[in-house]
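My request is simple: use the sequences and hints to build the entire structure.
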Amino acid sequence: MGVVATGEQAAGAWTGDVVLRVVDLVKHFPIRRGLIQSLRGGPVPAVRAVDGISFDVRKGEIFGVVGESGCGKTTMGRTILRLIEPQSGHILFEGRDLLALPSNEMKRLRRKMQIVFQDPYESMNPRLDVYRIISEPLRIQGVVKDGHEAVDLVSQALVDVEMTPPEEYIYRYPHELSGGQRQRIAVARALVLNPDFIVADEPVSMLDVSIRGEILNLMLRLAKEKGVTFVYITHDLATARHICDRIGVMYLGKMVEEGNTEDIVKFPLHPYTRALLNAVLIPDPSKRGLQSVMAGEVPNPVNPPSGCRLHPRCPVMKDICREKEPEIIERERGHKVACHFA
Amino acid sequence: MSGETVAAQAAVQSAPRRKRSGIADFWAQYRRRPYGLVGLVMLALYIAVALAAPLLTPYDPRKTEFFLADRLAAPIWARFVIPRFRNAPPTSRYTIHPDQWKVERQERASLSFEEAGDRGETAVIRFEPSSEGGGGARSELSWRVHYGFNPPNTFEGKVTYRVEAPPDAMTQLSLAIVDPEGKEYDIWGTAVYGEQDWTTAGLDSRDLQMKTRLNMTIFDDPAKVIFATKGDYRLVLKASSESPSAEARLFLAPAKFNILGILHGLLGADHMGSDLWAQLVYGARISLIIGISAAVIGVALGTTIGIISGFLGGPVDEFLMRVADVFLSVPTLPVLIILSAFLGKNMWNIVLLVAAFSWMGSSRVVRSQTLSLKERAFVEAAKAAGASDAYIMVVHILPNVLPLVVANMVLMMPVAILYEASLSFLGLGDPRIPTWGRMLQNARAFGAFTELAWWWLVPPGLAITLLSLSFTFIGNTVNEVLNPRYRERS
Chain A
769 MGVVATGEQA
779 AGAWTGDVVL
789 RVVDLVKHFP
799 IRRGLIQSLR
809 GGPVPAVRAV
819 DGISFDVRKG
829 EIFGVVGESG
839 CGKTTMGRTI
849 LRLIEPQSGH
859 ILFEGRDLLA
869 LPSNEMKRLR
879 RKMQIVFQDP
889 YESMNPRLDV
899 YRIISEPLRI
909 QGVVKDGHEA
919 VDLVSQALVD
929 VEMTPPEEYI
939 YRYPHELSGG
949 QRQRIAVARA
959 LVLNPDFIVA
969 DEPVSMLDVS
979 IRGEILNLML
989 RLAKEKGVTF
999 VYITHDLATA
1009 RHICDRIGVM
1019 YLGKMVEEGN
1029 TEDIVKFPLH
1039 PYTRALLNAV
1049 LIPDPSKRGL
1059 QSVMAGEVPN
1069 PVNPPSGCRL
1079 HPRCPVMKDI
1089 CREKEPEIIE
1099 RERGHKVACH
1109 FA
Chain B
362 MSGETVAAQA
372 AVQSAPRRKR
382 SGIADFWAQY
392 RRRPYGLVGL
402 VMLALYIAVA
412 LAAPLLTPYD
422 PRKTEFFLAD
432 RLAAPIWARF
442 VIPRFRNAPP
452 TSRYTIHPDQ
462 WKVERQERAS
472 LSFEEAGDRG
482 ETAVIRFEPS
492 SEGGGGARSE
502 LSWRVHYGFN
512 PPNTFEGKVT
522 YRVEAPPDAM
532 TQLSLAIVDP
542 EGKEYDIWGT
552 AVYGEQDWTT
562 AGLDSRDLQM
572 KTRLNMTIFD
582 DPAKVIFATK
592 GDYRLVLKAS
602 SESPSAEARL
612 FLAPAKFNIL
622 GILHGLLGAD
632 HMGSDLWAQL
642 VYGARISLII
652 GISAAVIGVA
662 LGTTIGIISG
672 FLGGPVDEFL
682 MRVADVFLSV
692 PTLPVLIILS
702 AFLGKNMWNI
712 VLLVAAFSWM
722 GSSRVVRSQT
732 LSLKERAFVE
742 AAKAAGASDA
752 YIMVVHILPN
762 VLPLVVANMV
772 LMMPVAILYE
782 ASLSFLGLGD
792 PRIPTWGRML
802 QNARAFGAFT
812 ELAWWWLVPP
822 GLAITLLSLS
832 FTFIGNTVNE
842 VLNPRYRERS
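Going line by line, the protein sequences match chains A and B. Numbering (this note's numbering) for the first sequence: 769 to 1110. Numbering (this note's numbering) for the second sequence: 362 to 851.
Among these hints, one or two may not hold up.
Partial selection, computed: residues in chain A whose CB lies under 10 Å from chain B [unchecked claim]:
| # | residue |
| --- | --- |
| 1 | Arg826 |
| 2 | Ile883 |
| 3 | Tyr889 |
| 4 | Leu896 |
| 5 | Glu904 |
| 6 | Pro905 |
| 7 | Asp969 |
What the hints contain is simulated information worked out from the structure, not anything from laboratory work. All figures in this text were calculated on a predicted structure; none of them were measured in a lab. We treat Cβ as the ideally placed atom computed from N, Cα and C, and that holds for glycine.
Written as structure tokens, this is what we have:
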């Protein structure tokens, strides 16, 4: 599949049930240099956090983005919502290119797209109570004025995240809540505007294992009952496999494999995906230890390796991998992979 | 899990008090720190004194109330502390009403009393026309006063009189003091030709006029000589008239006689005999107003600049921080001296100037805090909801930098007070308002150092020091309570 060059062309290939289409998204963070270094000239070095990513997300599905830390998945999640401005690419939400929208229309569109952050301790202003945290999007969007008009909506959001009875929590402060409760509040804040689309950026990685399941089940239920579309960003293939309909695997700012959860887990085509799957701990004493885990560290994203970015660590590496970068190609129906040997 | 539900129930029960829990928490921690409490008590005292100033002193230093006592009069309690003040005089003030005069001698004259409109009761001395053989009419009145202290430095008085006489008449009026041993000192006199409307004549033991009249040199002290002994003194008013053609009349309004005290009030008096305690008490008002308002304005400015600079970043940040650097590197006091000289001596000018030169510190602190706050996820969450920069700065950044700001503000107050005192001390303060700096400036300029008038030097200096100290105690305690840990993680 070739890279689509313009927004119109990207929109041309639109099919009805696709909510979000990301086309060739690029985000580089320039590195600040000292005076003398910048006088020496040359290109400004940059962290290539997201380096040309394309994927579709269909309505009502949970799309998992999996990768090691530092592979750019969080940056990608934020760029989709235009919390970070990308260098190039297109983000088509319900057929409209977000990057071309004027700010007032973007603000209106934000009602439909929300985000849940990784750290429930960081994502809430410690000086606001639960009511004001959850009602904040309503106030910003002008759905309600200040005051207590939003009590019903906030209570409904609390019920939706199974924090009942709502009046017990509504005037508490974040520091009076446990991590799991906070993350539910974060989900409630994302839900209160009734969005179609939520980016969940590692929503359970900071939580106790015992609470993770509750939050994940909550997401599943919201997707099935309310038809909310999720992009679920995680480093944990085990949870992704539990809730995701489809999974994309990222490595060093690139999408290396994308497909249905079933296909990815059972028939991984990319060596990196296989390594990730092997790294998942299996509660079976007969399978003690890890099998063929990838060697070495993630390379520096300022100077990614030439050719296939995985080649210094890849178990099946050949000469071609050093020179030619593999394109992501649909190998089977709905299963794309970027590897010369898949 | 059960622990959680218990905690939840407890939280529900305490729900009605929740709104105040921040302040209550703060106070619970604050009250455990002795220095903070000491500072708070001291500040409360200052505020009480400033508010109750009119109740604490009968004098108002904003009005010109001079010569309440002798120059550099010591506090009244100095007589119990310092031997040389043991029997020093306090101020004695007398108003001699016309009917208090006792007739000593009258020749062809008579004394009567009449109402003279707004002057109240006046004494009238009628002199018969003088005969050809000469020998005019005369009258001698006296008033007795007891003096029981060591010699004073100064006495002063006022005689108010009017003469109604034909143009060819000559009326003479003089005052003398007779000491207990009977020695007479002729201290004042005047001669009126013909008629004269109401006139007030002042007499002062420091005047050269009186000294020459007493045959003293310029360096002699009439008060010390005259009131050298304790006992009953008489003030003698002698009047005489030679009026060939018709009757002459001399009207006397109430006269005043004051022996200025070497001791005065709670804190003595300054070089003009103004009350120092009144200046100190009213100075607390000014210092508090200046300190608090300059700090509030300065820190508000610094907070605004810090938040904008930190949040917007980029060229705005560069520009604002370079401006702050310029202000930081300018030596403040010389600039304040020059600017206050240009802008005029006005209290609010000083407040604005001090504020204009004290925002940089808080702006840097707030900026650095903003830099870390704006990366926090709740700011991004607000952005994801479509919030504007202004909304985020006001709702999310400001409340979270407030603890820093409060501590900064309290710590800024003594700085502002000291700047004001420095400017006043250098003579650049508002001369119409009493401030501690001005007290010190006057003390320096008018001899308190050379005469070691500690009761003039020490109180304003101590007041400034203690007020600054109390603010510092409070500021440091607030800082300790609020800033090492934000309360979001319990």
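(request) Using Cβ atoms only, decide whether Tyr889 of chain A comes closer than 10 Å to chain B, and label the hint accordingly. (result) holds (6 Å)
Please check whether Pro905 of chain A passes as an interface residue: C-beta within 10 Å of a C-beta belonging to chain B.
holds (4 Å)
(Q) Just to be careful: measuring from the Cβ of Leu896 of chain A to every Cβ in chain B, is the smallest value less than 10 Å? (A) holds (8 Å)
**Item:** Per-residue hint verdict: Glu904 of chain A, partner chain B, C-beta under 10 Å
**Value:** holds (6 Å)
How about Arg826 of chain A: closest beta carbon in chain B under 10 Å, or not? Status violated, d = 22 Å.
So, Asp969 of chain A near chain B? Judge it on the closest CB pair being under 10 Å. holds (9 Å)
Against chain B, is Ile883 of chain A within 10 Å by beta-carbon distance?
This hint holds: Ile883 of chain A lies near chain B, its Cβ roughly 5 Å from the closest one there, short of 10 Å.
When each numbered hint is compared with the structure, a violation occurs for hint 1 only.
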